[in-house]
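Listed below, chain by chain, are the residues.
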Amino acid sequence: MTGLRVFAVVFVAALAQAVLVSALILGGGAPDVLLLVVISVGLLRGSVPGAVAGFLGGLVIDLLTLDTLGLSSLVLTLAGFWAGRYGETTARGRRLPALLAAGAVTILAAFFAAGLRYLLGEQVVVQQALVSSLVPTVLLNLLLALPVYALVRAAVREPERAISSSEVEVVV
Amino acid sequence: MSERLGEAEIRPNAQLHSDVVPRGRSARSGALGVTVRRIPSTPLSSRSSGALRRRLAVGALVLLSLILVTLSFRSGDDGPLADVQNAGATVLRPFAVGAERVAQPFRDAYGWADSLFSARSDAERYRAEVRELRQQVIQNEFALRESERLREILDYVDGPRFPADYRPVVAELIGRPDSAFAQAIVIAAGSTDGVRVDDSVVTADGLVGVVTRVTRRTARIQLLTDQEAAASALDLRTNVLGIVRHARGTRETLVLDRVRKRDRVRRGDEIVTAGSRVGVLTSLYPKGIPIGEVTSVGQTDTDLYQQIQVDPYVDFGSLDAVIVLVPQEREE
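Keeping their order, the protein sequence lines are chains G and W. Numbering-wise (my numbering), the first sequence opens with residue 1 and increments by one. Numbering-wise (my numbering), the second sequence opens with residue 173 and increments by one.
To be clear, the hints were calculated from the coordinates, so they are not data collected in a lab. Mixed in with the good hints, there may be bad ones.
Short, incomplete list of chain G residues facing chain W, as computed with Cβ under 10 Å [unchecked claim]: (1) PHE7; (2) LEU59; (3) LEU64; (4) VAL75; (5) GLY80; (6) PHE81; (7) THR90; (8) ALA91; (9) GLU122; (10) PRO147; (11) LEU151.
Beyond 12 Å from chain W on every Cβ pair, some chain G residues (computed) [to be verified]: (12) THR2; (13) ILE25; (14) ARG95; (15) GLY103.
Bear in mind the structure is a predicted one, so any value in this text is a computation, not a measurement. A virtual CB, placed ideally from N, CA and C, is assigned to each residue, including glycine.
With these hints in hand, go ahead and build the complete structure from the sequences.
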């Protein structure tokens, strides 16, 4: 059931990213809500759910934009996995892990995507892709990281189980 | 005694096992004299098996992504994966159209707020332009009549002209590039509407791009601002020919390339598609589609050609709907 909710959140984020968010260009860059959702899923649910969310989100966005199938999936799978591992290990007990993960993963994902497209023979203008648009994108992602994280947490949170026990053990 | 006990307590377990306790028995059982054997630890603990499962799952997803990229890239528009993608795009189309309708008011609000900053200066500029254009319209009307009369006299044969020789297919946008790398859009019209690869795409303002991929109900448009897009163009005032392409390092600025130094191009000149034919190769774009206005002209001693910047008429960042030009001769 939680898996279904995660998929629904990722699907809505991919739709919003393809239809609306990528057109909101501020200072030369646009926020990447799908990436933020995948990072949040990774932080909240772990590395494997993060990777699966990234894969499915990438697949939806590649289908919607008729882009090379699998390209976004590859980038987002690794982004979700990395965020998940970060949440499982280093981020424990830290304040605002979503903020740090959003900044780091946005930069890494941009470089990785640029490298992939270069390997596929696409003309990538490094200055535009990695300087002009990356800086505002990182700033916008940092701005949206905490609200998106809070929304995803509210959407994919597991229901709290009632503790019922007939016996009480006294621990001294 | 207590000191000796203290010493014994701080001895490492390994030492305790090797010196005091027989192998296969814990220190506790050894001390108590119990003959119960320890359960030997499994070679793969639950922690390491969890890590292995995690790596396998992610490895499988990465491998699957790489297979998809390879198949999609190598097979292009004809392979089996293209059919899957077409089917997927068709299934997702209603969701995208619905999301577009929901997003439209928000986009309008954003556009309205954005336009407020430049509203006053824009209004002033538009008033001046209207005065200038009103005079031009009258002159153009005379020129058109004269041109038609001369064509009839000369029995002039021309290529397809925009917009008379094309059937417009108006389509809503349902997808935009999700990164800085892809300058493309997806529209809610496809092969069932008569759209084919290489059809030109315009708006009321001017040239947008060309169709690069078509499914039954959707199509992908490569924008003129893409690194790989180019259009043969001419200066409307002087008929100087060149190639319009994206200016590197900018988001939406174009350059008119391949214009010789002796050719005269001025700031404010209007650039339109040339629709030229070189040998058997014909330009994808029909003649006469407005592209933009020259904003700067420069040249250096080392360059062969002039450096001409063109500000496109189309605002590529706020496209809502576009018109695909379907040649009428194809439909006959």
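Tested hints:
{"no.": "1", "hint": "PHE7", "verdict": "violated (13 Å)"}
{"no.": "2", "hint": "LEU59", "verdict": "holds (8 Å)"}
{"no.": "3", "hint": "LEU64", "verdict": "holds (5 Å)"}
{"no.": "4", "hint": "VAL75", "verdict": "holds (9 Å)"}
{"no.": "5", "hint": "GLY80", "verdict": "holds (9 Å)"}
{"no.": "6", "hint": "PHE81", "verdict": "holds (5 Å)"}
{"no.": "7", "hint": "THR90", "verdict": "violated (16 Å)"}
{"no.": "8", "hint": "ALA91", "verdict": "violated (16 Å)"}
{"no.": "9", "hint": "GLU122", "verdict": "holds (7 Å)"}
{"no.": "10", "hint": "PRO147", "verdict": "violated (16 Å)"}
{"no.": "11", "hint": "LEU151", "verdict": "violated (17 Å)"}
{"no.": "12", "hint": "THR2", "verdict": "holds (17 Å)"}
{"no.": "13", "hint": "ILE25", "verdict": "violated (5 Å)"}
{"no.": "14", "hint": "ARG95", "verdict": "holds (26 Å)"}
{"no.": "15", "hint": "GLY103", "verdict": "holds (17 Å)"}
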